[in-house]
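Participant: Protein chains in written order, with the working numbering: chain F, 36 to 378; chain G, 36 to 378.
Treat the hints as calculated values from the structure; they're not laboratory data.
Fair warning: this is a prediction, and the values are worked out from it, not measured in the lab.
Just so it is clear, CB atoms sit at the ideal spot from N, CA and C, and this is done for glycine as well.
Errors might be hidden in some of the hints.
To be verified - Calculated cross-link-like contacts (lysine-lysine; reagent style BS3-like; alpha-carbon spacing at most 25 Å):
no., chain 1, residue 1, chain 2, residue 2
1, F, 314, F, 331
2, G, 226, G, 319
3, F, 363, G, 118
4, F, 243, F, 46
5, F, 68, G, 339
6, F, 332, G, 118
7, F, 363, F, 319
8, F, 249, G, 118
9, F, 118, G, 339
10, F, 46, G, 68
11, G, 310, G, 262
12, G, 68, F, 363
13, F, 46, G, 46
14, G, 68, F, 339
15, G, 331, F, 118
16, G, 226, G, 249
17, F, 249, F, 235
18, F, 319, F, 235
19, F, 118, G, 118
20, G, 339, G, 363
21, G, 332, F, 118
22, F, 339, F, 97
23, G, 319, F, 118
24, F, 314, F, 374
25, G, 331, G, 310
26, G, 262, F, 118
27, F, 68, G, 363
28, F, 339, G, 118
29, G, 226, G, 310
30, F, 331, G, 310
31, F, 243, F, 226
32, F, 262, G, 46
33, F, 262, G, 118
Unchecked claim - What follows is a list of derived Cβ distance ranges for each label pair:
no., chain 1, residue 1, chain 2, residue 2, range
34, F, 86, G, 65, 51 to 59 Å
35, G, 88, F, 368, 21 to 29 Å
36, F, 82, G, 114, 48 to 56 Å
2 protein chains.
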Amino acid sequence: VQTHTVQIGGKTILYHFNASIHAPEFLNDHRNKVLLTDTNVAQHLPERLRRMPCIAIPAGEKSKQQATADHIIGQMLEMGADKETLLVGIGGGVVTDLAGYVASIYMRGIAFGLVPTTLLAMVDAAIGGKNGVDLGQYKNLAGTIYQPDFIHFDYALTDTLPLDEWESGFAEIIKHACIADATLFAELQSKQLSDFRENKEALHALVKRNVLIKTSIVAEDEQGTGKRHLLNFGHTLGHPIELLCNLPHGHAVSIGMMLAAGISEEINGFSSAEKSALKTLLEKYGLPVSVDTDTKKLTELAIKDKKKSGDAIRFVLLRSIGDADVIKIPMQQLSDLIKTICC
Amino acid sequence: VQTHTVQIGGKTILYHFNASIHAPEFLNDHRNKVLLTDTNVAQHLPERLRRMPCIAIPAGEKSKQQATADHIIGQMLEMGADKETLLVGIGGGVVTDLAGYVASIYMRGIAFGLVPTTLLAMVDAAIGGKNGVDLGQYKNLAGTIYQPDFIHFDYALTDTLPLDEWESGFAEIIKHACIADATLFAELQSKQLSDFRENKEALHALVKRNVLIKTSIVAEDEQGTGKRHLLNFGHTLGHPIELLCNLPHGHAVSIGMMLAAGISEEINGFSSAEKSALKTLLEKYGLPVSVDTDTKKLTELAIKDKKKSGDAIRFVLLRSIGDADVIKIPMQQLSDLIKTICC
Numbered sequence: 036v037q038t039h040t041v042q043i044g045g046k047t048i049l050y051h052f053n054a055s056i057h058a059p060e061f062l063n064d065h066r067n068k069v070l071l072t073d074t075n076v077a078q079h080l081p082e083r084l085r086r087m088p089c090i091a092i093p094a095g096e097k098s099k100q101q102a103t104a105d106h107i108i109g110q111m112l113e114m115g116a117d118k119e120t121l122l123v124g125i126g127g128g129v130v131t132d133l134a135g136y137v138a139s140i141y142m143r144g145i146a147f148g149l150v151p152t153t154l155l156a157m158v159d160a161a162i163g164g165k166n167g168v169d170l171g172q173y174k175n176l177a178g179t180i181y182q183p184d185f186i187h188f189d190y191a192l193t194d195t196l197p198l199d200e201w202e203s204g205f206a207e208i209i210k211h212a213c214i215a216d217a218t219l220f221a222e223l224q225s226k227q228l229s230d231f232r233e234n235k236e237a238l239h240a241l242v243k244r245n246v247l248i249k250t251s252i253v254a255e256d257e258q259g260t261g262k263r264h265l266l267n268f269g270h271t272l273g274h275p276i277e278l279l280c281n282l283p284h285g286h287a288v289s290i291g292m293m294l295a296a297g298i299s300e301e302i303n304g305f306s307s308a309e310k311s312a313l314k315t316l317l318e319k320y321g322l323p324v325s326v327d328t329d330t331k332k333l334t335e336l337a338i339k340d341k342k343k344s345g346d347a348i349r350f351v352l353l354r355s356i357g358d359a360d361v362i363k364i365p366m367q368q369l370s371d372l373i374k375t376i377c378c
Numbered sequence: 036v037q038t039h040t041v042q043i044g045g046k047t048i049l050y051h052f053n054a055s056i057h058a059p060e061f062l063n064d065h066r067n068k069v070l071l072t073d074t075n076v077a078q079h080l081p082e083r084l085r086r087m088p089c090i091a092i093p094a095g096e097k098s099k100q101q102a103t104a105d106h107i108i109g110q111m112l113e114m115g116a117d118k119e120t121l122l123v124g125i126g127g128g129v130v131t132d133l134a135g136y137v138a139s140i141y142m143r144g145i146a147f148g149l150v151p152t153t154l155l156a157m158v159d160a161a162i163g164g165k166n167g168v169d170l171g172q173y174k175n176l177a178g179t180i181y182q183p184d185f186i187h188f189d190y191a192l193t194d195t196l197p198l199d200e201w202e203s204g205f206a207e208i209i210k211h212a213c214i215a216d217a218t219l220f221a222e223l224q225s226k227q228l229s230d231f232r233e234n235k236e237a238l239h240a241l242v243k244r245n246v247l248i249k250t251s252i253v254a255e256d257e258q259g260t261g262k263r264h265l266l267n268f269g270h271t272l273g274h275p276i277e278l279l280c281n282l283p284h285g286h287a288v289s290i291g292m293m294l295a296a297g298i299s300e301e302i303n304g305f306s307s308a309e310k311s312a313l314k315t316l317l318e319k320y321g322l323p324v325s326v327d328t329d330t331k332k333l334t335e336l337a338i339k340d341k342k343k344s345g346d347a348i349r350f351v352l353l354r355s356i357g358d359a360d361v362i363k364i365p366m367q368q369l370s371d372l373i374k375t376i377c378c
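Next up, chain F with everything else stripped away, as it sits in the complex:
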């Protein structure tokens, strides 16, 4: 196990890379614990973990709602969880988001730790303390920013991950490369998905690199008033696409990144050659780069999304690969730009 200590907003967080949930010492601290997982992951947990107080929510995005948080809170109360209890979320992004959210509001805040089980959760969802639940069609409308005590990265958990989950994770990895790491972009160009899927050493290096990219951005701007916005690259339109087209998160973000790249080319001096390189890279990792959708609905939903600020939307645009800007785009201009890009 390789332990890495980081600081976000005055909170010390331990990252345990190369951890194993099958190791006898796993989760062996002395605190009372409640595990939170989903019904899929629950079946694969070691016997020892399954004997702990455990709440398993139905797997899938549908669980990311306040009603699920209410249910978890009720269960924790029945289990006798108190201010000293540690909540441990073991699962993908839905579970890690709910674990953080519930931990932040249960008895006005208890400690929690995370064990991300998907590539997407390892490199993105579990990192940075943002959590939340959706309200109907609005993603993360309620939530908090609340940091965990620790995150365990067990790469063996990816062994059973279906291909589309890998692809979805790579969308966020490519996003990190686009906004902050041109060298990573080049490395991804020289390799392919199976190089990481079949080699735990390569996967570890990739996960750690991405975890530290996101962590360093969040550590600079935990509350998201500045630099953290960069992490929304591909998401301002990706979120509405996810909803309208019922796509996995990463696949929708991939399309969102291509739209943002198009807008970047129009108004931010992003080169056509780099836009093509991004398209090629996304396709190489199995990700979609366009979708047939109602651009009017897309624009409406984007405006309703939480990045709205008055009459303009904060939009992340690329200048070049590895270099991004946050630009306020007036609603009307955005609507026109989307029409231009999509036709």
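For this one, chain F is given, so just place chain G on it according to the hints.
Facilitator: Frame of chain F, contents of chain G only:
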């Protein structure tokens, strides 16, 4: 208007004493605002405030539930509230708690301000950033600690306050005297409720003094891991009494303080003379000092309450008036002590 700036947990908060919601400049900053109030208070708001986007929840403790928070969040979304919107809670403790809670989770946190309309909310509920909703019988089971931008104190709002609301507020004022301010205790002994009810100057001095007592304790320990526990004096048993006997908060806390004083006499060297003085003072301000209830149920509920930590309950005991300690009392001993005190 007398403005006082305080700092809690790195956040700057403005207290505006002697503010008036009827003054034309009231709430005249340039931010988009949503008002949160209850159906009783809504009727008394100046026309100008009623024309703002306003959510009025049903008056009463029953509204302090997650379902109400969900409703408010849905309404805010329909009103187009975004990250830049200011939520202003105008009301008693239920409204100020919900305003803080919703502000802390809406889009992962927006700014809010408070206008407490009851004495209890002015001296206690609105101060310190603790908020929350009840889950069934468990008070504040979900909540956060989240500070407002400002609090306006308009003493004219107390003109329509019924007597039992005044009494309930004085329970928290006497609590502050007990844990931190023997001089205030003596002053309260030398006066009576009507001295404050009928004289806005005296009321202002009293409110300001209590606001600053609570603020200074919270500023030392925002997260409630140490000194802030002192503010729970009378509440560890007061909360279950409130529930079991269906009493107003302050009246239940008054009985809770007398029980805590009894336990303080048993195990913390608190004098019988001071216990009598506390009883006399509470009665002078119209507060009950005992109640006929099932001590077994009382103990059970207290244990289920969120102050539980492992096998012991953190209990605030007096050493003398103005001087309190936080003592861990094992469950069994607490149960025995309650039996002793109540018989």
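Participant: All hints, please: hold or fail.
Facilitator: So, going through the hints one by one against the coordinates:
1. 314(F) <-> 331(F): Holds, because 24 Å separates the two Cα atoms, which is no more than 25 Å.
2. 226(G) <-> 319(G): Cα-Cα ~9 Å, so holds.
3. 363(F) <-> 118(G): 15 Å, holds
4. 243(F) <-> 46(F): 20 Å, holds
5. 68(F) <-> 339(G): 17 Å, holds
6. 332(F) <-> 118(G): Roughly 22 Å between the alpha carbons, so the hint for residue 332(F) and residue 118(G) holds.
7. 363(F) <-> 319(F): 31 Å, violated
8. 249(F) <-> 118(G): 22 Å, holds
9. 118(F) <-> 339(G): Cα-Cα ~11 Å, so holds.
10. 46(F) <-> 68(G): 32 Å, violated
11. 310(G) <-> 262(G): 23 Å, holds
12. 68(G) <-> 363(F): 22 Å, holds
13. 46(F) <-> 46(G): With Cα atoms ~17 Å apart, residue 46(F) and residue 46(G) stay inside 25 Å; holds.
14. 68(G) <-> 339(F): It holds: about 17 Å lies between the C-alpha atoms, which stays within 25 Å.
15. 331(G) <-> 118(F): Holds - the C-alpha atoms of residue 118(F) and residue 331(G) are around 23 Å apart, at most 25 Å.
16. 226(G) <-> 249(G): Between residue 226(G) and residue 249(G) the Cα gap is close to 22 Å, so the pair holds against 25 Å.
17. 249(F) <-> 235(F): 21 Å, holds
18. 319(F) <-> 235(F): Status holds; Cα separation ~20 Å.
19. 118(F) <-> 118(G): Violated - the C-alpha atoms of residue 118(G) and residue 118(F) are around 30 Å apart, more than 25 Å.
20. 339(G) <-> 363(G): 15 Å, holds
21. 332(G) <-> 118(F): 22 Å, holds
22. 339(F) <-> 97(F): Holds, at roughly 20 Å.
23. 319(G) <-> 118(F): 37 Å, violated
24. 314(F) <-> 374(F): 19 Å, holds
25. 331(G) <-> 310(G): OK: residue 331(G) and residue 310(G) at ~24 Å, within 25 Å.
26. 262(G) <-> 118(F): Holds, at roughly 16 Å.
27. 68(F) <-> 363(G): Holds, at about 22 Å.
28. 339(F) <-> 118(G): Satisfied, since the Cα-Cα distance of roughly 11 Å is no more than 25 Å.
29. 226(G) <-> 310(G): 19 Å, holds
30. 331(F) <-> 310(G): The hint is violated at about 71 Å.
31. 243(F) <-> 226(F): 17 Å, holds
32. 262(F) <-> 46(G): 21 Å, holds
33. 262(F) <-> 118(G): The hint holds at about 16 Å.
34. 86(F) <-> 65(G): 51 to 59 Å: Given range 51 to 59 Å: holds, Cβ gap about 57 Å.
35. 88(G) <-> 368(F): 21 to 29 Å: 27 Å, holds
36. 82(F) <-> 114(G): 48 to 56 Å: The hint (48 to 56 Å, Cβ to Cβ) holds, given that residue 82(F) and residue 114(G) are roughly 51 Å apart.
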